[in-house]
Structure formats: structure tokens, C-alpha cells
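J.: For chain H, the structure is supplied; the task is to place chain W on it using the hints.
Below, each chain spelled out in residue letters.
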Amino acid sequence: MAGPLPIKGVRDGLLVTLPGGAWHDVRATLLATIDARADFFRGARLALQMEDRALGAAELGSLRDQLAERDASLWAVLSSLPSTRAAAADLGLQISLTTPRASEEDDEAQPEAEEELPQAVFLQRTLRSGQSVRHPGHVVVLGDVNPGAEIVAGGHVLVWGRLRGVVHAGAAGDASATIAALDLAPTQLRIAGQIAVSPQRRGAVRPEVALIRDGQLVAEPWEGDARR
Amino acid sequence: MPGKVVTITSGKGGVGKTTATANIGVALASTGARVVCLDADIGLRNLDVVMGLENRIVYDLVDVVEGRCKLRQALIKDKRLPELHLIPAAQTRDKTAVSPKDMVRLADEMRPEFDWILIDSPAGIERGFRNAVAPADMVLIVTNPEVSAVRDADRIIGLVEAEEKGPAKLILNRVKPEMVRRGDMLATADVLEVLAIELIGVVPEDDTVLVASNHGSPAALDGKSRAGRAFRDIARRLNGETVPFEDVEGGDGLFGRLARMVRSGGQA
Chain H
1 MAGPLPIKGV
11 RDGLLVTLPG
21 GAWHDVRATL
31 LATIDARADF
41 FRGARLALQM
51 EDRALGAAEL
61 GSLRDQLAER
71 DASLWAVLSS
81 LPSTRAAAAD
91 LGLQISLTTP
101 RASEEDDEAQ
111 PEAEEELPQA
121 VFLQRTLRSG
131 QSVRHPGHVV
141 VLGDVNPGAE
151 IVAGGHVLVW
161 GRLRGVVHAG
171 AAGDASATIA
181 ALDLAPTQLR
191 IAGQIAVSPQ
201 RRGAVRPEVA
211 LIRDGQLVAE
221 PWEGDARR
Chain W
1001 MPGKVVTITS
1011 GKGGVGKTTA
1021 TANIGVALAS
1031 TGARVVCLDA
1041 DIGLRNLDVV
1051 MGLENRIVYD
1061 LVDVVEGRCK
1071 LRQALIKDKR
1081 LPELHLIPAA
1091 QTRDKTAVSP
1101 KDMVRLADEM
1111 RPEFDWILID
1121 SPAGIERGFR
1131 NAVAPADMVL
1141 IVTNPEVSAV
1151 RDADRIIGLV
1161 EAEEKGPAKL
1171 ILNRVKPEMV
1181 RRGDMLATAD
1191 VLEVLAIELI
1201 GVVPEDDTVL
1211 VASNHGSPAA
1221 LDGKSRAGRA
1231 FRDIARRLNG
1241 ETVPFEDVEG
1251 GDGLFGRLAR
1261 MVRSGGQA
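These protein sequences, in sequence, are chains H and W. Heads up: the first sequence begins at 1 in the numbering used here, then just goes up one per residue. Heads up: the second sequence begins at 1001 in the numbering used here, then just goes up one per residue.
Same shape as in the complex, but just chain W:
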């Protein structure tokens, strides 16, 4: 069966696209699937850092597209999971070095070799975004429970629909249960009310994610942390399993909901 191309995007920067890509890649590869993570953020690469593979880079995405090396030469094998691979972005070029057509061609070349091709999209709605979405079979939108991130996610969902890559699925990242309970943060239900797309994961804010990223070993590697488990659940849902959502917000009782209503003045 040819591999599936999944693009992870968000519109707004800093919501956790790269972390999500690395962790979902790790989670899928740890079930034995053949996975490649492709960093489409040319000029601001960091998927390699989060995956701890920076020091192995010889060739990058632009080298492949411009024919300076074979695809196989640019693939970096993960040191922990034999089925996990990375194609890094170029650091010294910019988004215009690659076209949407190049990306489609590259993805088609990889489909027979892998089960999953995960593309880490750059922030924004310009060329880099269009490059990342062009070859996608499925688009995952990452957002945080903040009004500005949700607004950008809404915009991106519209653009993904316009590219006929929809319906996109939603990852709600960095949810702080405490704040939701106090009514200081949008709850999952509030975000879904605006975005009205299928939810595929809710990831709690978790310090271990940051620490793990800094060490180049994604949290989903051991699956002990709450966030690591959440990313593993996303991977299982991608594989078609029905996995119940963990109650990240922790007993959203009547009191919490009342507090939220009062604070937001009824507006989401």
C-alpha cells in the first residue's frame, strides 16, 4: 500500500507544529511503521534539532529538489527507531527554492518506500505553506487554546478547504487543565465550536515535552508523560483505531463551566 502524506500546519507560529511532527513520527515508527518526517520550513529548519539528528545532516530538501543528491542520500536514519527517517530543510536558502510541484514529485517518489510521510509546514499562509500542503493526503491543524491561535487555525482551515485538501483534523496542543478549570483558558469544546472540524488529539501542556525537545529525544519515545501518551493516541487514531479521548481538562464540572461563562461574558 502506498504511503500516506500528512501535512502538519497551523498558520500561527510557535503552537507546536514541529514538536507534533516529531512526536507523531516517533509514535508511528515505534509501532513498526516506516516513517519519514520532512521539514518544509526552509531557512528556519529545526525538526532535525527536535529529533536530535542535527549533527548527521549532509544533504537537505533543496539538494534533493535541485538534483544535487539522490533522495536516499538525504534520508537520515533515526538512531533509536530503525524505521524513522528525516529529510531536513535547507538552512541557507528560502521557501522560493522549492515549488508546490517539486513537493508533489518528491512525495510521489517517497510513497512506495514509506507508510507515512509527515510534512512539517512553516508558519504563515504563503509559499512555504502551499509547498507543504500541495502533496498532502491529509492535513492536521495544530492550535493552542488561545483566541489568536484559533483565529489563525480557522483561516488555515479555509485555505486547506480551498486547496481541496480538506477536511482537516485538529490537534489542540498545550492545554493547561488548571487554567481551563478556572475558566481562564478556552476549553476543547469552545475551540471546536468555532472551528467545527474533527478532533484527532488533545495534548496537555507538559514540561517534559520542552525538556525532551531540548535533548533531541521526543516525548513520545517512552510514552510515560501525559503529552507523550497523547501523541501516541494521535498516531493510533491515524491508523484508524478508535481511541477514547483522555479527560485532559480533568472533570470539567458545573463550577468550571460557570466560571468560564462569567469570565468570557458569554463570548468565546
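Okay, chain H solo, but in the shape it has when bound:
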């Protein structure tokens, strides 16, 4: 089983494309992927792209239970095989995404995850200590992110305010994700697998953007063209 599973953020959850091969191995890979990024998958709604795999209701049901043990819910099963679709429907699962484009035509499933994170959430409030936001796409906050609050996003995170909590951008592994804030003074920042704490500030407060440059998580003045 080479490489990580392709994961896309779609409107209602995460779309995971499963590779071919014995079901036993594929299932193990999927569960291992989720265990390895437990934080990101906690509370996630999963849609699984099964291609033409033949699965019965018993197998799908046990997979759903195993996902539930990991705090993730199985929401949809996409398959070109009528029998698998029927089994999924029997369990009350969706058999297509609400955005039809993603399921029908993209069957070859290019793992070009980044441009496929279509939706951003927009929050106009103060995120307070103990509050947490998880979203597979981008997150935009108009307000402050206080110490003790956390944001976990599959894409970019933009805070139009003070960022003092913990933010994880590109949480599904996207190292091109960035974190920008008018006042970037976080407890801790993470982008993909990199972790950094913010240094003592010197000088005046100014907008900054954090990104991975040459394998290092760095913060730079925010010049408005962060997507370089």
C-alpha cells in the first residue's frame, strides 16, 4: 500500500478514496490513517470512494462501527457497483455526494487535494478558551482567537484579529497551507506535520503570515500575497 490515502474536503465532510487490493488490507490502511491523525478525524463525516469494490452490508456495518469507535462517522459510500450501493443504502448511508461533480466523473480520482477544498467557514466572533473549530477546508475568523482556543483546518487559516490560541492548518498533510493573522502571537502553530511556538515579539504589532519555507515553519510580514 504505497503512499497516504487521498483525502479531499467536500462540502459536507471528507472524501477518502480507497485503493484497490484485499479489503482486509485496505480497511487496515484506512483505520491506521485515521489513528495517525486522530485529532483531525475526530468528529469528521467520511465519504468513501470505493470504485468497483464489492462489499456487503455486514462489512460496511462493521466498518461504520470501527469508525464510530474513532469518533468519525461514515456518511456516504460511493461505488460504481450496484450491489455495494444497495448495501450502503440498506445501512442508511448516502450513495452520492450532494455535489454530483465529485462522484460521477472524477472516478480516476487525481489526488490533487489542495484545489479541492472548496468551502471555507467564516466565523464572526471571539473564539474563547476551550472552544474548538474543526473544518476540512479553510477557516476565516473575523475576531480574536484567545489562548486556550484551537482551530484545526484542512486548508488555510486566516484570522482578522489577534491569534493567541493554537492553530493547525493543512491538518490533513497539506504543507502549502498558511496561517495569517493581524496579530500573530499564538500559543503554538502547526502546519501539516510541523510545529512551532511563537518567539517573544519585538517591535510593533503587524500582520504576519506563517508558512513552511524550505521545510521550516516561519512567520513573515503579511504583504497580502501570501499564496506564493
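Since no wrong hints were added, every one of them can be taken at face value.
Sample of chain H residues lacking proximity to chain W, with all beta carbon distances greater than 10 Å (derived): (1) GLY13; (2) ARG37; (3) GLY61; (4) ARG213.
Okay, derived cross-link-like pairs now, SDA-like style, lysine to any residue, Cα gap no bigger than 20 Å in a straight line: (5) LYS1169/W to GLU1193/W; (6) LYS1012/W to LYS1176/W; (7) LYS1176/W to GLU1193/W; (8) LYS1169/W to ARG125/H; (9) LYS1004/W to ARG1111/W; (10) LYS1004/W to GLU1164/W; (11) LYS1176/W to LEU1199/W; (12) LYS1169/W to ARG1236/W; (13) LYS1004/W to LEU1199/W; (14) LYS1012/W to GLY130/H; (15) LYS1169/W to ILE1125/W; (16) LYS1224/W to LEU1081/W; (17) LYS1165/W to ARG125/H; (18) LYS1176/W to PHE1245/W; (19) LYS1165/W to GLN124/H; (20) LYS1004/W to ARG1034/W; (21) LYS1169/W to GLY143/H; (22) LYS1012/W to GLY148/H; (23) LYS1012/W to ALA1162/W; (24) LYS1165/W to GLY130/H; (25) LYS1079/W to SER1030/W.
Since the hints were made in silico from the structure, they are not lab data. Cβ atoms here follow ideal geometry from the backbone N, Cα and C, with glycine treated the same way.
T.: Quick look at chain W alone, frame taken from chain H:
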């Protein structure tokens, strides 16, 4: 007009919830309003001690909720202010003896009889907190100018918003003007910058508060001390008056602010 239920809470313990409840109760009652202070800290009661009414307790909150006595029997009349009352917490039970629903029912029973129902919340974010907040029309958050207390206050404000009891109002308690001036303590502005809620009182650290609590006669009774005055101002603001804030921090000049910036390295 039915009475207003005001819950005083904080998240962190030891920031002065009970003292604030007693003093605001005294300040409101001394203007002639009918006030009841309700101790929701079941198992760790001490509002009765601070108000100097411990030796009059016969029935408590749990007795009322469980129907062993009438509400009227559990109400303890203050010896100095005829309009001030206390419902003490039970000492031998714990928070699970009462449910949020019980508290709402009890508060509804008291509303016609009183102008103000002040609820002293226990520390923490569990059952006791939820009991105390359930019947609230307004929530006052008490905090101290310390980073850990402010962090807990922020958490509580979020929980109060989630219970749709917001927006909460802030009492900043035990401010030491000297330390703020030296830049060793968070200033009011620093706390408000993080919490971003309306301020309803700033109470300076004042030894008379401790002494008064130990004697069971809250500082707001005479209103001579700075803290006593601050609590009386809070009571007036609760009544809808516009009362200017006393300059507790005392001339926060350029020097003080510079000193703070240098010490905190620019971080609040």
C-alpha cells in the same frame, strides 16, 4: 415587576465570587431593594459565613428542593438590613443533590417576592456551575488581574454564551494599583482586551474586605472603604445608573504603560 436573577461565577476558585455576592447583595439591599442571596456551592458553603448568618441556619437549599421545608422557612433574614435574605447551601451533600431544573423552579418561585436574586456559583464548569447559571437573567463574571484567572474567565464566558445566558458582564476584583503602576500586574485594559465583554466593576485589593468577611459584615455595609464603594457602584450600575469608573489604577501614566510593555514583552 418580577425579580431579576443574577448569577455570580468565575471558573477559577478563590477570585472573590462569594465576597462579591455578599457585598453586592448588601449594597442593593441598603437602597431598599428586596434581595435574596442564594448559595449554590453545595458541600462547600460559605456565603453564610461571609454574611455573618451561619448561626441562624436551620434549613438549606437542598431541604427546599427536596421538599423538607417551605421556601419561606429556609430564608434567613439579615440582622442589619431588613430587606436582605440568604438561602444557605447544604454542607453535608454535594452538587448532584440539585439539578438545573430545580434551580429554575426555585428561582421562579422567588421572582415575585424579591427584586434581586443573587446566586453565588461554585468554582468549576461542571454540574454546580450549570445549576447556578440555569435560572440566570444576567451573569456576572468575577476575575482577578492574573493570567490564569483571566484564562478561566474566558472559558466561562464561552460556556455562558453557549447556554444563551450572555452577554456576561465583568467584575475585575483585587486590583493592586501599586503593582499595575509598576507594570507587574495586568491592567484593566489588558484584561478587557482579551475578554472583550462589558465591565461592570473594578474592585481594588483592600484589607478591609478580608477583615470584614472574617467578621461576617461585608465591606459594602458602610461604604467607607474603597472596595466597599466599588461594590456599591456595581449595585448602582445593576440598577441602570451610569456611574463613572473610579480610577483604581491611579494615573496610569506613560511611564506605567511603558514599564508594562517592556516587562510583558508586548504580550498580554
